[in-house]
Amino acid sequence: MITFDQIKKAVVVSVWFMFLTFPIMVIRVNPVEHIVEWRWKNMLLIGVGSFLLSFVWHYFIRRKELGTRKAEAGEEGEAIPLAQRILKNKAIYRPTLVALGIFALIFPFIFSLYQTNILISALIYIMLGLGLNIVVGLAGLLDLGYVAFYAVGAYAYALLNYHFGLSFWMILPIGACLGAIFGILLGFPVLRLRGDYLAIVTLGFGEIIRIILENWNEFSFGPSGIANIPRPSLFGIDLSVHDATIYIYYIMIGLCLLTIFVVNRLQDSRIGRAWIALREDEIACQAMGIDKAKTKLTAFALGATWAGMSGVVFAAKTTFVNPASFTIWESIIILCIVVLGGMGSIIGVIAGALVLILMPEYLRAFSEFRMLAFGVLLVVMMVFRPGGLIPNVRRTYKFEGVANAEES
Amino acid sequence: MEQVLKVQDLSMNFGGLRALDAVDLDVGKNEIVALIGPNGAGKTTFFNCITGIYPPTEGDILISVRGKEKPKRINGLKPNKVTEKGLARTFQNIRLFPNMTVLENVMIGRHCRMRAGVLGAVLRGGSTMKEEKAAVTESYAILEKIGLDPFVNEFAKNLPYGAQRRLEIARAMATEPFLLLLDEPAAGMNPNETQELDELIKRIRDEEGISILLIEHDMKLVMSLSDRIFVVDYGRKIAQGTPEEIRNNPAVIKAYLGEETDA
Amino acid sequence: MDYFLELFLGGLTRGSIYALIALGYTMVYGIIELINFAHGEIYMIGAFTALIVISVLTLMGMNTVAMLVIAGVIAVIYSAAYGYTVEKIAYKPLRNAPRLSALISAIGMSLFLQNYVLLAQTSDFLPFPNLIPDFEFMEPYAHIIGSTEIVILITTAIVMILLTILIKFTNIGKAMRAASQDKTMSMLVGINVNRVISVTFVVGSATAAIGGVLIASHIGMINFYIGFIAGIKAFVAAVLGGIGSIPGAVLGSFVLGWTESFATGYVSSDYEDVFAFLFLVLILIFRPAGILGRSEKHKV
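Quick note, the sequences are listed as chains A, B and C, same order.
Start counting the first sequence at 154; every next residue gets the next number (my numbering).
Start counting the second sequence at 1264; every next residue gets the next number (my numbering).
Start counting the third sequence at 4; every next residue gets the next number (my numbering).
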């Protein structure tokens, strides 16, 4: 039942976008060779595309407004999303988990090395996402410089190995500690800052670190980076590239499980609740006896720890680090993972990482549209589904006479 | 009478504006004291100074937990420290944690009386788990006392208005205060709810032994509840005394010209 | 002495460009308390649009200054249109959402616009012709300041004057000032706040576009990424001067411009960008309200 009004609106939208994108989409200039290319096909594409999208967009906006109005009127909230229903149903949940576990374990032996490498990347991003989730998802601190801690870990391995010959396993915990230390260092100056300012300052910190890495040649070897970083050895035995990759894969599975375990426990604890209170209302949170500064610093430190560890593994995997891997866009990709997956939700972040990292790999043909798609994704998610793919669910308790806490 | 709170000569300047001018106030053990005055008189500013949101320009804020100890000065302490010392407050505009459940909101109140840190959270040793369990139990008990236990797993944002106000009180009580500061707890309530609030506050004072300092505009409630009343206008204390004395005080009546003063 | 003068004027020029962009940031922040991450991209789109128009007109054989003016006007129109559209799609639906959501949406828009231009055009640096003629009377001062810089300074001054007239003496300007102080109250007295917000975005985008065209002429090169760095710096300038304050944005821009000019002139040019970021970090820590900013006390 598409009304005439809607069609009129869609036409207006279509004409507007055709006008708006005319110079950039239709005309392509090459001032060097003084060529001007006219791509009228694009205009048609824009015209038709925006016409159709207008319907889709307005439909979803109306649905969102309806939902908001219902919530304000106090009607019963949204139906429980599909993902949560699967999670709650133990009969489906357990076997799925076991199946996934087995699949993950035998993956390197079924699929090629190339595929395994991709999955290692995905696992690294899962760890990064879970770490950032502590800072952004739980504590509500928009850290756009998260990649700095990632860089710290990676360069720690590269430099400590280069200068002192320390091995991967020795540096892994060092990377974690360095991450935490830098997390606190970066957290101190931003303690009093509000949301947007915090975002910009952390972005600034991230960039400052990258610029320093790029220019302080004596320390970091500048833009050319550090190469020949050794892969982790198994009890002192050097492995072939093939075996080392599989080894790294299992290391990452282990680290991810550790991360999931720790973050899960943190979420449901005194400190976890303090983080969420901080996110919800800083002033009320302080009034209830929570030390704002300590809580924020703890969030930064813990979040950064995982980034530090991921950095060490990243360096081991690629055997080469340079500043170009640690731009603000990396921070944004990690942010995308958290936002897309569901802020504060562990499963959500895992899903987000898998989608955002694996999909581009399998949609290689569209790789140039990757960042474009990320941009669209961020806007669309925020407007229509700020809770993410698999939004977080607060823990509920059962009471029968005497309080008896039970997971549900 | 043993005093739990003694405020002397409290002044607060915001740039050129003198929001509070040498205000004296005290609350005795197990007393319910009301702070009233026309809008803009500086009442919430007073609360904010006491609870550490900003330090006062001049004056002293002294507390004595059971009225027996030597009074301690708490000027300039951070809000969370003030709460740790035993003063808890509610807010004029409700400041709950909307996306946390009712139980969790109250459990936040327990935070400053718990000790588990990061290590405890991750390892979940015996003492941590005991502490968590106790927090759940105690929070639920408070909810039962306030009558909010049916809502225990509900999101705070979904609660009806009156319940939200009571939840704020429950949350404040979870911090084990000796003095409860209520900022316009009856705002927006209908007569029934106000009557229930009246009984609730009296119960808190009688059964929990918590002293109460409240800001309120509902004169019927104020007259019914208070042991003593302090009146401020334009940042200055203009009167103090029992409800009877205040009711007939000409300065007070003048300040409230146009407002309902009969009980 | 000449070197000093050169750096001084260079800083003034830089500051002017930053000012043209910073105005957009500060006006938008003043009214909806959002850092418009995508604003730098509007500036970039202004430069690109001008380049496209110039290229087309060159083929038609036009006179140079006229080309620049026409390209400038069209760039301004288009940037304003982009600014308007971005607000309607990415920010309006989030007016009542938590600040974090709007901020993330802004980041998404920035990402989108950068890649949009990248894909639709090219990732290469494109040469931008300098169509500003060399003034003869500038000849003796050529080593201190060039014609382009003079044009930039004069244009910026004109834009500032026009903007001040708009804000202080027109009805819409009054509405903008009202809405930036109290949106709800403005609505209650009959101001169409949605329209005011759109106008704010349009005006801010227009000034940014002018900046884009001028800087493109000055530097001679553009690519899809120039918006990002310029945007961050202009944002720093706006915050330095006091976000939400228009004179503050201008003041902050000149301070930043001079600092960068003198620092890179006397110290080192490698770490040029670091100055802006360091500035930012330091101001936000020690004086978040900025030089001319109003200290916001939130009612508890």
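By construction, these hints were calculated from the structure, which means they are not laboratory data.
Any given hint might turn out to be false.
Pairs of lysine to aspartate or glutamate, EDC-like flavour, derived with a Cα cap of 20 Å [as the list claims (entries may be wrong)]: (1) B:Lys1333 - B:Asp1284; (2) B:Lys1341 - A:Glu218; (3) B:Lys1341 - A:Asp444; (4) C:Lys91 - A:Asp434; (5) B:Lys1341 - A:Asp434; (6) B:Lys1483 - B:Glu1439; (7) B:Lys1344 - A:Asp434; (8) B:Lys1292 - B:Asp1323; (9) B:Lys1408 - B:Glu1471.
List of violated hint numbers, smallest to largest: As far as the earlier hints go, 1, 2, 4 and 6 are violated by this structure, in ascending order.
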